[in-house]
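Asks: If you want the building blocks of each chain, they are given just below.
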Amino acid sequence: MNLRLHIWRQSGPDAQGMLKTYDVQNVSEHMSFLEMLDVLNEDLLTKGEVPVAFDHDCREGICGTCGMVINGRPHGPLTRTTACQLHMRTFKDGDEIYIEPWRARAFPVMRDLIVDRGSFDRIIQKGGFVSVNTGNAQDGNAIPISKKDADRAMDAAACIGCGACVAACPNSSAMLFTSAKIGHLGSLPQGQTERSTRAMNMVLQMDAEGFGACTNHYECEAACPKGISAEFIAQMNKDFVASAFGGRD
Amino acid sequence: MALNSNIPDGPIQQRWDKHRAELKLVNPANKRKYSVIVVGTGLAGASAAATMAELGYNVSAFTYHDSARRAHSIAAQGGINAAKNYQNDGDSVWRLFYDTVKGGDFRARESNVYRLAQVSTSIIDQCVAQGVPFAREYGGYLSNRSFGGAQVSRTFYARGQTGQQLLIGAYQALQRQVGLGKVKLHNKQEMMDLIVVDGRARGIVTRDMVTGKVQSHMADAVVLATGGYGNVFYLSTNAMACNVTATYRAHKRGAFFANPCYTQIHPTCIPQSGDYQSKLTLMSESLRNDGRIWVPKQKGDTRSPDQIPEAERDYYLERKYPSFGNLSPRDIASRAAKEVCDEGRGVGPGGLGVYLDFSDAIRRLGEKTIADRYGNLFEMYERITGENPYKVPMRIYPAVHYTMGGLWVDYNLMSNVPGLFVLGEANFSDHGANRLGASALMQGLADGYFVIPYTIGGYFANGGLQAVGNDSQEARTAVQEAEQKIAALLALNGKRSPTSFHRELGKIMWDKCGMARNEQGLKEALTRIPELREEFWQNVKIPGSGAELNQSLELGLRVADFLEFAELMCYDALQRNESCGGHFREEYQTEDGEAQRNDDDYCYAAAWEYNGVGATPTLHKEELSFENVKLATRSYK
Chain A
41 MNLRLHIWRQ
51 SGPDAQGMLK
61 TYDVQNVSEH
71 MSFLEMLDVL
81 NEDLLTKGEV
91 PVAFDHDCRE
101 GICGTCGMVI
111 NGRPHGPLTR
121 TTACQLHMRT
131 FKDGDEIYIE
141 PWRARAFPVM
151 RDLIVDRGSF
161 DRIIQKGGFV
171 SVNTGNAQDG
181 NAIPISKKDA
191 DRAMDAAACI
201 GCGACVAACP
211 NSSAMLFTSA
221 KIGHLGSLPQ
231 GQTERSTRAM
241 NMVLQMDAEG
251 FGACTNHYEC
261 EAACPKGISA
271 EFIAQMNKDF
281 VASAFGGRD
Chain B
-7 MALNSNIPDG
3 PIQQRWDKHR
13 AELKLVNPAN
23 KRKYSVIVVG
33 TGLAGASAAA
43 TMAELGYNVS
53 AFTYHDSARR
63 AHSIAAQGGI
73 NAAKNYQNDG
83 DSVWRLFYDT
93 VKGGDFRARE
103 SNVYRLAQVS
113 TSIIDQCVAQ
123 GVPFAREYGG
133 YLSNRSFGGA
143 QVSRTFYARG
153 QTGQQLLIGA
163 YQALQRQVGL
173 GKVKLHNKQE
183 MMDLIVVDGR
193 ARGIVTRDMV
203 TGKVQSHMAD
213 AVVLATGGYG
223 NVFYLSTNAM
233 ACNVTATYRA
243 HKRGAFFANP
253 CYTQIHPTCI
263 PQSGDYQSKL
273 TLMSESLRND
283 GRIWVPKQKG
293 DTRSPDQIPE
303 AERDYYLERK
313 YPSFGNLSPR
323 DIASRAAKEV
333 CDEGRGVGPG
343 GLGVYLDFSD
353 AIRRLGEKTI
363 ADRYGNLFEM
373 YERITGENPY
383 KVPMRIYPAV
393 HYTMGGLWVD
403 YNLMSNVPGL
413 FVLGEANFSD
423 HGANRLGASA
433 LMQGLADGYF
443 VIPYTIGGYF
453 ANGGLQAVGN
463 DSQEARTAVQ
473 EAEQKIAALL
483 ALNGKRSPTS
493 FHRELGKIMW
503 DKCGMARNEQ
513 GLKEALTRIP
523 ELREEFWQNV
533 KIPGSGAELN
543 QSLELGLRVA
553 DFLEFAELMC
563 YDALQRNESC
573 GGHFREEYQT
583 EDGEAQRNDD
593 DYCYAAAWEY
603 NGVGATPTLH
613 KEELSFENVK
623 LATRSYK
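As they're listed, the protein sequences go chains A and B.
Just so it is clear: in the first sequence, position 142 is 182 by my numbering, and no numbers are missing.
Just so it is clear: in the second sequence, position 560 is 552 by my numbering, and no numbers are missing.
This list has only true hints and no planted wrong ones.
No farther apart than 20 Å at their CA atoms in a straight line, the calculated lysine-lysine pairs in the PhoX-like style are these:
1. B:Lys25 to B:Lys176
2. B:Lys244 to B:Lys613
3. B:Lys25 to B:Lys174
4. A:Lys87 to A:Lys60
5. B:Lys487 to A:Lys87
6. B:Lys205 to B:Lys477
7. B:Lys533 to B:Lys477
8. A:Lys266 to A:Lys188
9. B:Lys289 to B:Lys312
10. B:Lys360 to A:Lys187
11. B:Lys360 to A:Lys188
12. B:Lys533 to A:Lys87
Label pairs and their in silico Cβ distance ranges:
13. A:Asp191 to B:Glu331: 38 to 46 Å
14. A:Thr86 to B:Gln476: 20 to 28 Å
15. A:His46 to B:Glu310: 52 to 60 Å
16. B:Glu579 to A:Gly52: 49 to 57 Å
17. A:Ala55 to B:Glu579: 52 to 60 Å
18. B:Phe618 to A:Pro117: 53 to 61 Å
19. A:Lys132 to B:Gln588: 49 to 57 Å
20. A:Asn66 to B:Glu331: 31 to 39 Å
21. A:Tyr138 to B:Pro341: 31 to 39 Å
Derived by calculation from the structure, the hints in this document are not laboratory data.
Every residue gets a Cβ at the ideal spot worked out from N, C-alpha and C, and that includes glycine.
Required output: the full structure, derived from the provided sequences and hints.
Replies: Laid out in structure tokens, this is it:
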């Protein structure tokens, strides 16, 4: 198939960006979306043009490195699918495809489709962990954890930190990301000791990074390639309120 | 130079305890006076950096990713082994040790493997305490499954995302230390060189991948946890950015590279679909618990799988290896797949595939149970191939997955360059010539959580470290050399892309140094690699400048190192006149096509010393002794 691509080009963090148009020919339906961009980049490079910079690594949908808005949707048209797992059979001959970076104040564009997601790491640094030094652990089976709780923790822990939730939200809110971590650790007995301070500190950092608030659009849940439920936001709010009224430790 | 592996003496069961008791300690107040650089933030790097920071050392960690959570450990699907014996099925530290030594085809160092099995149980405890959501039974206790090369269920898992969950656990421990100011984390920094001062590893040179700035960082010790070199084959299951640069540059500064020819070909990957293919996708080995592998008995049978009656199918693993069947170790299962495809019985486009069929298991257990166990893997398969594996058998083919070789290290995980420690897939020590499934996660975390925190203290306590700064001659020279290399590459302005060279190199390696090797092929590769390297240095084209985010330049620098390293692999494969584990030399096989080891002449680890680009490296041998597991022909029949 032949396609027309409109891709956001921006040479650096402070440079002016713009959409540029490229035609790609003979795209196979079995290619992944990123392999289609590889082919474009090889072509640009041999013509002496600078290839399109985009983030990617595992290409198996698990590392969370790739991320781009494809025709207005983070990671493209397929639900629960990262851009690297999107295949060209989803498109048809003659399609025009618009490709842009995540847009959010807390994710500054570094180049073309690459943004800086360091803000996510800083949120985790404020409490997205259990404070247990190596060597302190008791036997793994000492505390039975119901399958239901373990499964719920895993549902939240499946977050890959890609940032699609932020890109999808009209407020650029990071609440799905932050609540996934709070929901993961809060569902387990190991996470109870720090539950209240965790919610408070992570939410404060989230605000400090410039992410917006939640106004219940649920676009985050729809865009999440791992299908993380917005229910975790409710749990986060509950923990946050409990922390605010209970006082921080 | 004689290699001293520093293995403690005494009974193997007591060696690690004895060694820990004898290691000198650094007093808690003095630990902050020592600085450590950790390169790589995968399982080994993140766990090491976090744990050393908890102890009080000053840690600087470096990753080329935009976040420490992205390392390729994250992609491990199936699980992590530990000798917990929660299933009461006869597992023990001894049995895990035995299985690993045997699985590695008697080419690993016994003492290291025993220690690995010993600390495996603590890993599970530590990860549970961190909140890793391992799968649980309804009673609330940890669940296990089986993996290849074992007859017990000792594999712990978190759905099909075990690597992700373990890495997130280590990443969270690391970020906690970053938040506490104990670890200085440098994202988007690629290691360009190792700085050696007075014979000791004292720092690294990095390139900032956003600004292009090249600079030195100095410390009292350097820990490399930079993963394997499977991408030398271009197509592999590794992530796109995985590369050999960090370990290879350390090799060029004097560190010996051990057993580079030991590469693992994983039997269950999705077959290649076209020339544009950028990587191969693994389907977890855990699928072999319930999936049955088969090909048609007839050559060139083009009927769809549901039209081939039971009697005309060859379940070749069950037929050849009845006691392990579909759970035979990876090297054996991969070679068996290659064999049936070479016979013309492969399925799918190009005949490079075999079926992995779940219809029996679905009939026996129901679709829901199978979906609970493997749902995300089935989804992934369907996304990539457009076929529904609940209805049609999966098609799979072997692909490069893991590299057992790596920098040579002693029992303390220190290379022959004092102060340079190497962890995880980047070292060579624990898996011999073949790694068992679910053991990579185990080794990465064992090294990082439970070995390096002890052994690095022993190194510091022995003293002799002088202050060395960024203004030292060695640091300035190393920075200058890195800058010159970048400038030279950018100045070429040739006609071919770095990817085209990488793809061509990968093809040479797969054909001549892949699943099966022979003397003639390896010699051809040793002629063609230098030619390709020469062309690269005349004709590669890298647009843009060095002072910006430049992905073509990043790739170009990595490919340049692969083009040197590939030769080393071939030298190693050529000198090893035997077949063992993942190294299959066609000249050395039994009558029924199994690998034929030669313990009289090759029971050693081959540690190579660098002599210059294109110059033949010098071979040093570490003789391996098997005092506890008797050398025997591996049999899974």
